[in-house]
Structure formats: structure tokens, C-alpha cells
Amino acid sequence: MDPEALPPALSLHAYHQVMNLMAAGSYGAHQRLPSEARMAQSIGVSRPVLRQALERLRSEERIYSRKGSGHYVGDMAHKAAVPFGAFSSIADVRDFLQFRMNIEVESAALAAQAGQTQHVQIKMAHHRMQAALASRQPGIEEDLAFHIAVAQASGNRFYLLTMQALAEQMRFSVQLIRDLSKRSPMKTAAVLQEHAEIEAAIAARDPLRAREAMRAHLAAGIERLFGPGRPDAPAPR
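Each residue of the sequence shown is one higher than the one before, counting from 1 in UniProt numbering.
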């Protein structure tokens, strides 16, 4: 298959998943990444799709390859990341959720003005999360990929870079919300419905609706974590 004919959304999904793998902190500069076969299986794409993503990462000097040895993390892999650090208190979590509220509602509004290719990427990310949760997988990476896809579709690279830099904090907060809500099937269904509403608003090219759908989703996440009416819960803005 001609690499140029590969669906761009799949290649972009693979690109972000490898970026997330490196951002998780498991692989420092000059450390070897998993094999192509293992990464492709983990991400859920074919090896030709993965190779297209790896080629982009090589061109950006985020990875480099050694013949017969594999792919390694480059010096530029983490240059775009801001060292936000780990959460140190519940106040940190509260402030993080407030920050996400301010960033992601505008990102969603901009995404609603993007082209069809970007909308397809968001839809695919939503379907992957549905599939992961339906098969009783955690779905955390798929959740993160959905929000990164929205940031990517905004067309503003600073939204995307910020979301990528916040990957570790995103994973922690999503896991915390799920743990405290005891993985309720009703709440899982609510999260999927909220994502569906965001995706539908963006596909409809309705910035106001997309902004409010993202705001409602993040506000619901805050409520799932802190509970309604809690004095330490951040107020939606």
C-alpha cells in the first residue's frame, strides 16, 4: 500500500500515541522504544500506519533509528513539554481542572471551525474510547487521545502542545475521577455521551455549541470528582 494513501487520521492518531508514550516518562532520551510490532498492536494500527507516524517523529528529531536495533527517543522528544510536575495536593487537582476548563472550551470552539479531516480524527478517537470501555479496558489513553484530537483540530499548535505537555496530569485526574466514582456504569455512559455531544457539535461546525458541550463535560468531571455543592470544588467559568 502506498504510504501516501494511508488515512491521515490514523497516522496522526499513531503519532500522538507515540508522543504520549514518550511523554509518560517511561522513556528518556536515547532509550529504546518498543518494537514496531508491539507499538502497532498497542496503538491499534497497522505497521505501515505506524511507520508513517515514526517518519514524522524522525523528521522532527523526536526519535532516531539504528539499523537492526530499533527506534530511540531523541533529544528533542520532550522539548515542547512544560515541566508542570506531579500534583502535590487536592488544591493542585482543583487548579488543574480550572485550567483545563479555560483552555479546552476555546479549543473546542476553534475545532468546530476546522476542516473535515480534523472532524474525522475526533470521531475516530471517540469510537476508540467506546470500544475500549465496551471491552472493559480502562480507556484512559483513548480519553486523552480524544481531548488531544480536539486540540489538534483547533489549528492552534499551542493548544496542542499544552495538552501534550499535560498528558501525565490528565491521566492522573481521569484515573482519580474514575476511582472515586467507583467506575459506575452510569457515569461511564455519561462520559461517553458527553464526548458524543462534543464530537457532534464540532462536526456540525457550531462553535458556540462545541464550547458549551466541552464546558458541560469538564464541569461534570469536576462534579464527579468533588461532588455537587462541595466547598472545595472549582466553580465553572
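Treat the hints as calculated values from the structure; they're not laboratory data.
Treat each hint with caution, since some may be false.
[What the hints assert, rightly or not] Label-pair distances were calculated between CB atoms; the ranges are: (1) A37 / N156: 43 to 51 angstroms; (2) Q31 / Q175: 22 to 30 angstroms; (3) A134 / Q31: 44 to 52 angstroms; (4) D95 / K187: 38 to 46 angstroms; (5) E36 / M186: 33 to 41 angstroms; (6) S88 / L180: 16 to 24 angstroms; (7) Q113 / L180: 33 to 41 angstroms; (8) L180 / G68: 26 to 34 angstroms; (9) Q137 / R32: 21 to 29 angstroms; (10) R157 / S65: 38 to 46 angstroms; (11) S88 / A190: 39 to 47 angstroms; (12) S59 / M186: 44 to 52 angstroms.
Glycine included, C-beta positions come from ideal geometry on N, C-alpha and C.
A quick look at each hint next to the structure:
no. : hint                            : in the structure
1   : A37 / N156: 43 to 51 angstroms  : violated (35 angstroms)
2   : Q31 / Q175: 22 to 30 angstroms  : holds (24 angstroms)
3   : A134 / Q31: 44 to 52 angstroms  : violated (34 angstroms)
4   : D95 / K187: 38 to 46 angstroms  : violated (23 angstroms)
5   : E36 / M186: 33 to 41 angstroms  : holds (40 angstroms)
6   : S88 / L180: 16 to 24 angstroms  : holds (18 angstroms)
7   : Q113 / L180: 33 to 41 angstroms : holds (35 angstroms)
8   : L180 / G68: 26 to 34 angstroms  : violated (47 angstroms)
9   : Q137 / R32: 21 to 29 angstroms  : holds (26 angstroms)
10  : R157 / S65: 38 to 46 angstroms  : violated (25 angstroms)
11  : S88 / A190: 39 to 47 angstroms  : violated (29 angstroms)
12  : S59 / M186: 44 to 52 angstroms  : holds (45 angstroms)
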